[in-house]
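Chains A and B are the protein sequences, given in the same order.
Each residue of the first sequence is one higher than the one before, counting from 0 in numbering that gives the first Met the number 0.
Each residue of the second sequence is one higher than the one before, counting from 0 in numbering that gives the first Met the number 0.
Note that these hints are calculated values from the structure, not bench results.
Backbone N, C-alpha and C define an ideal beta-carbon position, used for all residues, glycine too.
Computed spacing ranges between beta-carbons, pair by pair:
| # | chain 1 | residue 1 | chain 2 | residue 2 | range |
| --- | --- | --- | --- | --- | --- |
| 1 | A | His-75 | B | Arg-19 | 26 to 32 Å |
| 2 | A | Asp-56 | B | Gly-292 | 34 to 40 Å |
| 3 | A | Ala-62 | B | Ile-73 | 37 to 43 Å |
| 4 | B | Ser-128 | A | Ala-111 | 36 to 42 Å |
| 5 | A | Leu-103 | B | Ala-33 | 42 to 48 Å |
| 6 | B | Asp-265 | A | Glu-45 | 48 to 54 Å |
| 7 | B | Met-25 | A | His-65 | 35 to 41 Å |
| 8 | A | Ala-38 | B | Arg-99 | 30 to 36 Å |
| 9 | A | Ala-38 | B | Thr-84 | 24 to 30 Å |
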Amino acid sequence: MWLFRAAGLGLIFAACTLAGLWKASQLSARTRLLQLAGAFANEIGEEIRYSSRELDDIYGAVARRHGGMRPESLLHQPGLTRDDRALYAAFLSGLGGTDLSGQLAHCAHYAALLNGQLEVARKAEAEKAKLYRMLGLFGGLSIIIFLI
Amino acid sequence: MPELHECERFCAAAALLSPRLAAALMALPDSAKARAQEIRLRLSRPAALTVGGKSVFLSRRGSVATCPPADPYIVDAEDLFESFTRLCNRSVYAHESELRQGYLRLPNGNRAGVCGTLTESGSIRDITSINLRIAREVIGCADTLAKRYAGGGLLIAGPPGSGKTTLLRDLVRQLSDGMVGPYRRITLVDTRGELSAVAPDRVGLNTDILIGYEKAAGLERAVRTLNPEVVAFDEIGTTAEVAAVRDCLNAGVAVLTTAHIGCQADLTARLPVRQLLGSGAISQIALLSPPAGGPITIYEKAQVESLCGCSVRPDSA
Numbered sequence: 000m001w002l003f004r005a006a007g008l009g010l011i012f013a014a015c016t017l018a019g020l021w022k023a024s025q026l027s028a029r030t031r032l033l034q035l036a037g038a039f040a041n042e043i044g045e046e047i048r049y050s051s052r053e054l055d056d057i058y059g060a061v062a063r064r065h066g067g068m069r070p071e072s073l074l075h076q077p078g079l080t081r082d083d084r085a086l087y088a089a090f091l092s093g094l095g096g097t098d099l100s101g102q103l104a105h106c107a108h109y110a111a112l113l114n115g116q117l118e119v120a121r122k123a124e125a126e127k128a129k130l131y132r133m134l135g136l137f138g139g140l141s142i143i144i145f146l147i
Numbered sequence: 000m001p002e003l004h005e006c007e008r009f010c011a012a013a014a015l016l017s018p019r020l021a022a023a024l025m026a027l028p029d030s031a032k033a034r035a036q037e038i039r040l041r042l043s044r045p046a047a048l049t050v051g052g053k054s055v056f057l058s059r060r061g062s063v064a065t066c067p068p069a070d071p072y073i074v075d076a077e078d079l080f081e082s083f084t085r086l087c088n089r090s091v092y093a094h095e096s097e098l099r100q101g102y103l104r105l106p107n108g109n110r111a112g113v114c115g116t117l118t119e120s121g122s123i124r125d126i127t128s129i130n131l132r133i134a135r136e137v138i139g140c141a142d143t144l145a146k147r148y149a150g151g152g153l154l155i156a157g158p159p160g161s162g163k164t165t166l167l168r169d170l171v172r173q174l175s176d177g178m179v180g181p182y183r184r185i186t187l188v189d190t191r192g193e194l195s196a197v198a199p200d201r202v203g204l205n206t207d208i209l210i211g212y213e214k215a216a217g218l219e220r221a222v223r224t225l226n227p228e229v230v231a232f233d234e235i236g237t238t239a240e241v242a243a244v245r246d247c248l249n250a251g252v253a254v255l256t257t258a259h260i261g262c263q264a265d266l267t268a269r270l271p272v273r274q275l276l277g278s279g280a281i282s283q284i285a286l287l288s289p290p291a292g293g294p295i296t297i298y299e300k301a302q303v304e305s306l307c308g309c310s311v312r313p314d315s316a
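For reference, chain A alone in the conformation it holds in the complex (with noise of 0.2 Å):
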């Protein structure tokens, strides 16, 4: 009986420290994310930039670059926020429509953007990540103490 008792317990153990876990891990995959749309962002503005060619070859090159991560597929990994989300799409979607200086111009103003976002996530990474870890052990902890 305390066998199952103590299996018991040390799944609720198991399960709150993953949660913790979890929740930190999301942390560290949006700064992840973030850090690589920018690098898209700004690799895909120097490509127009130098190479000129047309948008599938630019997507097809900077992918070789990402271990063949195409940019588009950022926008489906999780870990983004919803804000995250829009902002890429947003940056994605304005690609191709105009002239040179315009897509130079909006690929910075994306990337400065994208920058922002990244500050942010890597503070709250820095502020939260541990906090989620020691409140999912704790917190396991606590509820087998209470449970004894």
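Guided by the hints, dock chain B onto chain A, whose structure is given.
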């Protein structure tokens, strides 16, 4: 590259336009698709095609008529914008240099002329019309001309739509492939990319292609670096190009080119053509009559000399 039949060429071109418009064009009978030379889109006016040199108008049901039908397909702003974006392959910036000259280079050798408002930076906004020209390849159309080619400079002249470019393309292929004599080293100066893009694997075994170069600069580069026996380019029209042809002649390189003329009198009335004939670089003229595929009148050296009142230099190729 798979060979495209005439209807397929039309469908491939129509597929580049807005989906709604493409659907109406795809509904046309095969006879219209095979003979259409251009698809003309004008804002708030019926969509039209040029067939056999004449304008016909598109209906919403996918038929054509020689006058605007009761249910015409009226091109709206969304059609034009979507067509323009798709023609640019959603990369307007990548076609800026072409747009400054008022055209877009498309797959399969097609070309779209674009009209709109010129901006200060030289690009175009507020597109008001698009003329999508469908490139055609006619294997063997230059058989007669190739057999009679004497090895020197040749001018193919005729009104718009008479098949000059198609003839030049086939002539280059035949001369390069040695079909009527030796394998000639030919450099093709293809400024707009429409000569070679129609069938890139059928420009000739011995043909080098310079794409995107201005004609005069391309001729100079060809003579300087590629050691051609013949240089070919489409539509001579400026005195700079005539000067470049003269330089080719001095280098012992024969020139094949085309010129827009309305009638035979234009051979001496149009300044660049007159200058070209006066340079002595042209020893044969092929005069075309519309529509494309019509009879070709070939003037030999003596006739060219009497036409322009000058001497043609001895054949150099």
